[in-house]
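Undergrad: Quick note, the sequences are listed as chains A and B, same order.
Each residue of the first sequence is one higher than the one before, counting from 1 in the numbering used here.
Each residue of the second sequence is one higher than the one before, counting from 1 in the numbering used here.
Since the hints were derived computationally from the structure, they do not count as laboratory data.
Please note that a few of the clues may not be correct.
Given that identical chains are not distinguished, each listed pair holds provided it fits within a single copy or across any two copies.
[Said to hold, decoys possible] DMTMM-like cross-link-like pairs, simulated, lysine to aspartate or glutamate; straight-line CA separation at most 20 Å:
no., residue 1, residue 2
1, 241, 51
2, 364, 152
3, 250, 266
4, 412, 261
5, 357, 251
6, 63, 73
7, 364, 257
8, 70, 198
2 protein chains.
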Amino acid sequence: MTKVTPRIQAGFMELLPGEQILFNKYLQIIKSTYEEFGFVPQDTPIVENADILFSEIGEDTKKEIYRFTKGGDDLGLRFDLTVPLARYVAMYYNQLTFPYRRYQIGKVYRGERPQKGRFREFYQADIDIIGNGSLSLTNDAEIPAVINRVFEKLNLGDFVIYINNRKILSGLVSSLGLSDKIDEVLRAIDKWEKVGQETVRLMLNEDLGMKAADVDKIIKFVKIAGSNKQILSTLKSLDIKNELFELGVKELKEVVEMAIDFGVPEKNLQIDLSIARGLSYYTGTVYETKLADDRIRGSVCGGGRFDNLADSYTNQRLPGVGVSIGLTRLFSQLVSSGMISVETSSVAKILVIPMDKISDFSLKVASLMRLAGVPVEVFTEDDKFRKKMNYANKTGVPFIAIIGENEEKLKKITLKDMKTGEQELVDVQTAIKMILK
Amino acid sequence: MTKVTPRIQAGFMELLPGEQILFNKYLQIIKSTYEEFGFVPQDTPIVENADILFSEIGEDTKKEIYRFTKGGDDLGLRFDLTVPLARYVAMYYNQLTFPYRRYQIGKVYRGERPQKGRFREFYQADIDIIGNGSLSLTNDAEIPAVINRVFEKLNLGDFVIYINNRKILSGLVSSLGLSDKIDEVLRAIDKWEKVGQETVRLMLNEDLGMKAADVDKIIKFVKIAGSNKQILSTLKSLDIKNELFELGVKELKEVVEMAIDFGVPEKNLQIDLSIARGLSYYTGTVYETKLADDRIRGSVCGGGRFDNLADSYTNQRLPGVGVSIGLTRLFSQLVSSGMISVETSSVAKILVIPMDKISDFSLKVASLMRLAGVPVEVFTEDDKFRKKMNYANKTGVPFIAIIGENEEKLKKITLKDMKTGEQELVDVQTAIKMILK
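Sequences are here, hints too, so could you generate the full structure?
TA: Below, the structure is given as structure tokens:
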């Protein structure tokens, strides 16, 4: 029989058991933290109608969509979780309670040319709070509190949530008489970290045709540094007369102060006037989060405030604020940089190894342990003892219970701690206590 | 601006928050039970190369596949979790430890014509145990133990795991000199429940051209009833001289006896000689599970033993045994029949409602509760108190903490139990205890 070569598409992350266990641990931390803050789960289809997906995106992203027809319907795989959220909120508007606070953790698809660190299928872990008509600024302050708690729990070292408000930069650009160029200027500034200051200068000057003096002003502005208080006071002292600018500064000040009240440590929240976010639908607060460890490059979590989520699908005004963690990319960097590594390929805490055939007693031991909340695997194969031990070593299960003739007779097990190598003849209840300890 | 009508494809289940919370609860029970038995997680791409998907399926299923090209690649959405498992095991053969015991809970896609109770996107929750070269019969007995524990925990009333062995029916058909018709006969018998005895008789007699006497024999055989012991003894007494038949009976007896040892109550495991499973890749033990409650129609969980999982992709012999729970279909029936219903649309255990503006104290209360493991939502909008209470009522959150001027002063909260309506002025630690109780 001719064999089909077993393979997957480039850009699709697939993990071996040990890595998958680790990945799921991180995913679970994110999920439980989102729920700790009262976000409700959402699970939308991976397949959407193409006109839904295409309603609000640029030509570049359109090309990336996995698009197909089935039974005459024009369909595509979702490329983010925001479009499905917008479609969902518009669709179930009358059945939802607002503010609607939801999380969705799921796979999204972008058929880019594969390159290192880029995925075509990847997990996003999103939270958003959607208001009906209006949504208070308090929500903009709660988002950093959630993200702060997530990254504290993920335990990946120090991190900083960078925060800004798009109204400030937009107002500044307006005050220079360039209000028709706001989106382009912000998109250029968004590229700062990737391409560097001089390239941004060229983009503003040559591509957008801005005067050198204006470009200088913007670049100098974006580089304003200091503590949050210092930056806020510098912003005031600039005395820029522009309503949008002033509103932006006021909002930023309020949000930062409230976020601290929400429990975000000062050191984890930093105003950064260069944070612009490329997407023009952000209209106020914007966030990026970076790990201090420079092995993880770029932002691991970004988002912001938008004035109107679902205006492609409904006349209802639905403002919102949210962020997205790019889990697949983060995880892949954590593994490849060696920041985390596989500890075990076993979800069982103990492997029951019968010396000979599986006996009633072996199975009873397993059942009792499971009832006590211990995940148990029973070695089922009729192999030599050496092979059974080999399996235990390879999977990295923390404990094994060896059950032979003597153990059968005494109704005890030989419990072996695979890390220390110590073993002891104990009864099942004692073993359970030792494992759960 | 022209609006795109917010909608999804027929046959795609999408839930409102209360239902989604329920769905996730059931999914979580299945997941944790699978892990309790030491199955490791697997998460394969939803997109596979088309030749992988097409390697082992019939023309009917082929038509159902969502197939598309991207960058010249011929791709499709997975239609089950078994093909990806086979591809995965063949691909990572050298890196896996066998027996490889994995679970995968994920969405699969079948572009059928939509009809009631049929889904085009649905969750399967699969476990399989794959051996390297061989796999002991003990595994066939452990599978019912896992399923039994899952359905005990799902708490959907009585259920029965029906068990059979395809070797028995195959041997019987062979003994009638019809070994070339085994697959067709088993496929016909698999339809018994759906179409009834007389239609099966017609299929065997007219479609397959079997003699009336042989058809009678098979139909009489399939209807053999009684306790497991009685059926096994009847099977022996039939004295059918066929090696495959005898091996099947021996295996069935061993598996049933071991399953009882594994902790499956006698009443939950029933031999049923009509269980055939339509798919010809099953070669031994087969299972179907049914709920006693007749509002849930058909099998909620099926599977069996296969001799060689991945022979489309590798020369390695990889026998296995496993089952799949059709979670979306089950859940949808549970809801539509009224067997389960939404209790709350809130994952938070308590909603903090500030009477006026959100204060430091309100946020501190929320933080303290979260640290104690209580999921907390803070009401962020500057609405009238009536509207805030309305939100609490609509989401069904079990407790609220009202914090006004008096509470601020006393550093206490007014804790209201939304079920009983009782409220009390208490300190935060007392409130936490009351909520967690």
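Undergrad: If a hint holds in the structure, say so; if it does not, say that too.
TA: Quick rundown of the hints versus the structure:
Taking the shortest alpha-carbon separations for residue 241 and residue 51, neither the intra-copy value of 42 Å nor the inter-copy value of 64 Å comes in at or below 20 Å. In this homomeric assembly, residue 364 and residue 152 come within 20 Å of each other (Cα to Cα) only across copies, at 18 Å, whereas the closest approach inside a single copy is 41 Å. When the C-alpha separation of residue 250 and residue 266 is checked against a cutoff of 20 Å, the pair qualifies only within one copy, where the shortest distance is 19 Å, while the shortest distance between copies is 70 Å. Only between protomers do residue 412 and residue 261 lie at most 20 Å apart by alpha-carbon distance; the minimum there is 18 Å, versus 55 Å within a single protomer.
In this assembly of identical chains, residue 357 and residue 251 lie within 20 Å of each other by CA distance solely across copies; the values are 16 Å between and 70 Å within a copy. Taking the shortest Cα distances, residue 63 and residue 73 sit within 20 Å of each other both inside one copy (19 Å) and across copies (15 Å). With identical chains, the CA atoms of residue 364 and residue 257 are at most 20 Å apart between copies only, with a shortest distance of 14 Å across copies and 58 Å within one. Taking the shortest Cα distances, residue 70 and residue 198 never come within 20 Å of each other, neither inside one copy (49 Å) nor across copies (37 Å).
Violated hints, in rising order: 1 and 8; the structure is consistent with all others.
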